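One line per chain: the protein sequences are C and F, in this order. Taking the numbering used here, the leading residue of the first sequence gets 10, the next gets one more, and so forth. Taking the numbering used here, the leading residue of the second sequence gets 10, the next gets one more, and so forth.
Hints listed in this document are in silico derivations from the structure and should not be mistaken for laboratory results. One should not assume that every hint holds.
For chains that are exact copies, the list does not tell them apart, and a pair is met inside one copy or across any two.
[What the hints assert, rightly or not] Once the Cα atoms are required to be at most 30 Å apart in a straight line, the calculated DSS-like pairs of lysine-lysine come out as:
| hint | residue 1 | residue 2 |
| --- | --- | --- |
| 1 | Lys86 | Lys147 |
| 2 | Lys63 | Lys86 |
| 3 | Lys83 | Lys55 |
| 4 | Lys83 | Lys207 |
| 5 | Lys106 | Lys86 |
| 6 | Lys25 | Lys55 |
| 7 | Lys44 | Lys83 |
| 8 | Lys200 | Lys83 |
| 9 | Lys44 | Lys167 |
| 10 | Lys106 | Lys25 |
| 11 | Lys32 | Lys145 |
| 12 | Lys145 | Lys99 |
| 13 | Lys86 | Lys25 |
| 14 | Lys207 | Lys86 |
| 15 | Lys106 | Lys55 |
| 16 | Lys44 | Lys63 |
| 17 | Lys145 | Lys55 |
| 18 | Lys167 | Lys200 |
Quick caveat, the model's predicted, so the values are computed rather than measured.
Here is what each chain is made of, one letter per residue.
There are 2 protein chains.
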Amino acid sequence: MVLPQALEDLIEEFKKLPGVGRKTAERYAMHIINKYTEEEVNQLTKSLSDAKAKLHHCTTCGNLTDEEICSICKDEKRDLSTILVVENTKDVFSIEKGNEYHGLYHVLNGVLSPMEGMGPDDINLESLWKRVVNDKIKEIIIATSSTPEGETTALYIKRVLQETDILVSRIGYGVPVGLNLEYADDLTLSKAIENRKKI
Amino acid sequence: MVLPQALEDLIEEFKKLPGVGRKTAERYAMHIINKYTEEEVNQLTKSLSDAKAKLHHCTTCGNLTDEEICSICKDEKRDLSTILVVENTKDVFSIEKGNEYHGLYHVLNGVLSPMEGMGPDDINLESLWKRVVNDKIKEIIIATSSTPEGETTALYIKRVLQETDILVSRIGYGVPVGLNLEYADDLTLSKAIENRKKI
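Start from the sequences and build out the full structure, keeping to the hints where you can.
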């Protein structure tokens, strides 16, 4: 059976989303065709176009925003002397949900990866050096992920900043709160023991 | 942290897809914003609008098509004396993938469900009775699902057709091919024993 072209096209489009295979794409496509009114489809397409047209990276920190400077960089109640460096905007969401950190962010929008040809000029580092020079930054907390690329990026930032008197730190690794030890992987466990604290 | 409105809107739109929660919706939205070019977004929105505008139900069988009569109903090489009744277009895809059935289909686009106020006039039955009268149908195979609603629908069709000399059958239920018995549920197992065959 050959599917109608318009349906096949829509399924192919949905398949491009991360983690979406043929079956899920078919399900999304059928849902749109069977359940959505024309107006709802227009609303979806408008949201897509709007998001692409309006959102861009904050010129200060690289976070996603629909203004020139993002709401976090503009918020003067935050601790302006601390910058937490993350790989992408999603990490900012995750940390903001915790509502515990009140400093600023710097979003790299990538990691150093010689294998994929990602050098220091390909990620948002230039503006980090500018902030270090121009703003009164006391501490930079590096929260890139604990992959080889994330660690390389952390080391690179540390090395560039070692001449300055800024405190450069790395977020702590250990067993997640609430996780039973038997479910923690070996690497996490050894990190947890290495990072032990006197009680 | 308040997300930019355009991002929040897009996340809300993705959350309307079946089985998509907040996290997955965020992931899809970030993927579109970070990875898609403007042209790719246009292609996606065009596919959505096209699918909604061009696809509708075949006037004969209720299957999804971009023409008046779907490709299966138009195919004269198929067995025109057998109709397989399914709940929705996805079931047609599933059966066609098997490439074993060569008759026609009838897509109900729903099931009888007194609880949800779905009566015989709310699903695509009227055109089934027309086909029964006008075409030379010898057998109707009912493949609605084995839920109470699917069974009710099957019984209703059987009852309407019992005055005619059309053979009305129901697809076989049993243990799926390749499935280890220990993974089959009780109901399927008892159906499998009930539907046993002499070998």
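Quiz item: Quick check: which numbered hints come out false for this structure?
Solution: Violated hints (numbers, rising): 4, 8, 11, 13, 14, 17; every other hint is consistent with the structure.
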